[in-house]
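The task is simple: from the sequences and hints, build the whole structure.
Chains as they are written, first to last, in our numbering: chain Z, 6 to 409; chain E, 15 to 209.
Check before you lean on any hint, since a few could be wrong.
Below 20 Å or equal to it, Euclidean Cα-Cα: the simulated EDC-like pairs (lysine to aspartate or glutamate) are [claimed, not checked]: (1) E:LYS165 - E:ASP33; (2) E:LYS165 - Z:GLU26; (3) E:LYS165 - Z:GLU21; (4) Z:LYS391 - Z:GLU375; (5) Z:LYS405 - E:GLU22; (6) Z:LYS405 - E:GLU149; (7) E:LYS30 - E:ASP81; (8) Z:LYS405 - Z:ASP67; (9) E:LYS165 - E:GLU149; (10) Z:LYS405 - Z:GLU375; (11) E:LYS165 - Z:GLU78; (12) E:LYS30 - Z:GLU78.
Don't read these hints as lab results, they were simulated from the structure.
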Amino acid sequence: MSAHVRDRLSAYLDQELPPGERTAVETHLQVCDACRQHLETLAAVDAAARALQVEAPPGYFDALPGRVRARLEWPGARARPARFHLPAWTWAAAAALVLGVVTPLTMMSVWRDRPEQLPAPRVAELPPPTAAASPLAGAAGGKLEAKERLADDLARRQAESAPAAAKAQPAKKDSIPSTRAEQDAFAQPPLASTEEYAAAAQAPAAPAAAAPSSKTPEARKRARDAGGPHEQQQVQTQAQAAGGVTADNRASALRADEPAAAEAETKVLRREPQAAPEGRALAKTSRDKDGAGLREEIVVSSDEARAESPVAEYRRLIVPPAQTLAALRARREAWRAFALSFPNSPLADEARVRVVETGAAAWRLGHDPEDLARLREDAAVYLERKDAAHAARVRAALQKVERP
Amino acid sequence: MRAEGQDEAGLLARAKGGDLSAFEEVVRRYQRRVYAVALRIVRRHDVADDVVQDAFIRAHQALAGFDLARPFGPWICRIAANLAVNHVRSPEAREEGLPADHGERGALGSDPLHEVLEVEAREVLERAILGLPAEQRAVFVLRAVEEMSYKEIAEALGLSMGTVMSRLFRARERLAEAVLPYLGPALRRAQGAGR
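Okay, structure coming up:
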């Protein structure tokens, strides 16, 4: 075998040799079995390498498009805990700072400026969903450190929620409205690393195991009370945020198989009062389970049902993808509530589509026939709408479930 | 195929116009391919996940300047490969050990001996690829798996054509040496089947 020719076989295989060298190699190959065999080996290596399968952890590819989209819609939605592990105390310290310093200052400012509040943005002036949810354009994809992102997002959320909060509860000086609940939830680092994602996907019961497992409100509260300062703070936060409506009131509406996960997700609903035409029924859902005709309602008091910007609510719902079955179901219902609360918003169509897509994700994770039935029903209702702008997405979600 | 291409161009045009749902669909279509490129170069799932997400984010940011007449696949793979190589070049890149095996085993054939040999051959080849120096590995993956031209690889990784050629030659020599004992029977079977 000629060493000179052997050096060229790799490039010959790729048809990257100049014509003169190529001819020389071909001539040599006609008389040299060893080089010809080596060329076959090189080709076989390439073919074998192409045939190697690469497989990611279960569920990874189901979630990835949504994770990328969440980063585009809201760059703060993704931290990089795999490379940037903040100790738990830093999150607690950030939350404490917000609760102890920022919130009182904001509230003072809100009360001082109350008569000159800015009006809520008008729906007609809002950009479409994609544009509204693309702060990346401004951020240019920069990789802010987690602390900076946390501070920026908290500041932004403070700015967004403070006027609305003051508007919603002008007479309750001792009651801090939704902002505290937001801060509490937002101070939690998002579940975004692969390890966390895989752990959540593979062990959906894990959060529930560490949290109260009883489904009764009293038992849950007892368990939370015994759960240490964080849990106690959560109870306080929920009570304050609910503003007269007990936390369990809504949690029960979400059919929480896993109370901890569902409650965490419920905070998305609970965080901010939403608009409801009559100030009473925010959303109603019904579903049949074994013919029992289970009917569920999400009801808010008239005090709580204050007009709020759908954009602010939409941004709160666009958080890192729900990753447990209970969280997915709760998120599905949160999107449903959004669509019912803001039926004329340009964001409503997106919310309706997300009801279906989140329902499909719940079915894929849990394979509960009830989720499948709900998904089919939701998809059918959406596809019947004359204003369905994303019927293709809904059909795709349905098709993926029916013919995986 | 043609319709699919048009469909892709339409999706990309919508994504270019700011439709995030369209871009989400683009991610759905290309995620496995991009992930495969990233994982084969960086070898760790968590790092590959970062690379894939960053690649799509960068592609989205650069969509305004993207020529819709060009195929999206090679472009996004080049971005991912570039990010992956930058990672393995970076001082913080940790190349410790081989990663946990997420590899999927294909369906076995009817001959138990061949099954064992083929499974073993795949494992040997996988280990050999992962054992290549990172920059040889990147060049090999882009050529053998992604079938990029030398010029495309050179542009993607910022190398000269000569460097691409020599790294590819060295990578293939090492891989061929590792898997030769297994490829012999496979080649003979293939030749026999061809007669």
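Looking back at the numbered hints, which does the structure fail to meet, lowest number first?
1, 4, 6, 11
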